[in-house]
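Chains as they are written, first to last, in the numbering used here: chain E, 1 to 117; chain P, 1001 to 1112; chain F, 2001 to 2238.
In short, the hints are calculated from the structure, not lab data. Nothing here was measured: the structure is a model prediction, and the numbers come from that model. Idealized CB from N, CA, C, for every residue including glycine. Honestly, I wouldn't trust all of these hints.
Unchecked claim - Derived coverage of chain F by chain E (criterion: at least 3 residues anywhere in the stretch with Cβ under 8 Å from a Cβ of chain E; other residues may be distant): (1) 2062 to 2072; (2) 2202 to 2208; (3) 2224 to 2237.
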Amino acid sequence: MSTGTWRNRGHPAWWAFLVHRLSGVALSLFLPVHFAALSRALDGPAGLDAFLAWTHAPLVVASEIALVLALALHLTGGLRLLLVEFSGWRSEAQKTAIAVAGGAAVSLAIAFALNVV
Amino acid sequence: MSARLETRLWLAQRLSAAVLALCVAVHLTTMIVAVRGGLTATDILGRTRGSLGWGAFYALFVVAVSIHAPLGLRTVAAEWLGFRGRAADAIFALFGVVVFLLGGLAIAAVTR
Amino acid sequence: MSATLAVDVWRGGADGRFQAFSVPRRDAQTVLDVVTHIQRRLDPTLAYRFACRVGMCGSCAMTVNGRPRWTCRTHVSEVAPEGRLEIAPLEHLPIVRDLVTDMREFFDKWARARSQFKPTATRRDDFATVAPHSAERRAVDEAIECIGCAVCYAACDVVGWNPDYLGPAALNRAWTLHNDRRDGARPERLAAVAGDAGCHACHTQASCTERCPKHLSPTASIAGLKRATALAVLRGEL
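Only chain E is shown next, with the shape it has when bound in the complex (with noise of 0.2 Å):
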């Protein structure tokens, strides 16, 4: 039984919890993907190339800027959460700090946006 469970969720920790936890699900699953591709350079130049220019493509265009936001998010996330274990910071300035972090993170993946395209 959780009647509870999603009206007791949904403060702003919460969801920083959550938005950390997706982020490092998806990172985790790119990453084989990321070193299979970058393998292919072994061929030489010729064969990075031909997966780069598969990379043109609108669909992997928003796919790499919703991993570069998933990185961000998960570095800034994960500096609060250093932060907070490690300096015994107390909670009342946390919504602040989520929202620096949440900020940061969408900033860099703007930054990243506007030069891929």
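Fit chains P and F to the given chain E structure using the hints.
Okay, now just chains P and F, sitting in the frame of chain E:
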């Protein structure tokens, strides 16, 4: 797994996180700069080919992520899929080894 | 504002269901008033717990409109502006009947965390000197007011996902004892709170801190235990 070992794994997770924070900061900056005007193999390889510096940097990156990612996935699997115990530990350790080997291969590919 | 409240109350055990009641609305009414009215005037078979009814004992904790709260301190006007209430027992604890949960595991986990004071002095020793403004004592003071109401335990998702997890209350109490210079069980306690069932399972979701009626922060206490256990590992003490 003993509480002692689990504590050490937690510490490894946090230490690798700190290393990754630095690596990812560099990686994100590099990506944002490098992707301008389109990304080609020549761009990437021009930076990494024969470079001991980039090789060492990516080696550190791969080692840290080979520790960090499997430990994270292990927790998610335990909490959301109920998949825990020795089989789970073995599978995620194996994932770590796979990431390490694939990462090593990728580094070799771009630094040769 | 309506003259009556539409109240759904959980009846039965884990396989029970909500039963609807209509309760007259009153000024300054609390959710505990509502539950009491139902049991006294409408259905005497309703089982629920309360004791002090003034926010001191924590016995009346239940899930109100999806969130764990003290029902004696929850004003109906705050949580039911449209006149609808949903009252259920606390999450993550076996249901005895209706709104009553079996609290044994909650307290068993306190014992497993060694969250009990172990005295070291005898009547022949002088009083211990504890500087009230020392960092240690301030850490204790910030976390000591826990009355074991289990709202944090009900609020914590990790408790739901990880059956062995000791939970925010047990770990919060462990932190206060870790910082108590009179206590003699520090090494055993650190060993007890370390690992996947202990402080390292906390993901800083902070639902415990968000819902604690005494405004404690088990999140901060657990972070303290993470630091203490990490230090113990690095020193070879754990």
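Hints versus structure:
Coverage of the segment 2062 to 2072 of chain F by chain E holds [criterion: at least 3 residues with CB-CB distance below 8 Å; count 5]. For the segment 2202 to 2208 of chain F, the proposed coverage by chain E is satisfied: 5 residues have a C-beta within less than 8 Å of a C-beta in that chain, meeting the threshold of three. Taking a C-beta to C-beta cut-off of 8 Å, the segment 2224 to 2237 of chain F contributes 3 residues in contact with chain E, enough for the three needed, and the coverage statement holds.
Every hint, counting from the list given before, is met by this structure.
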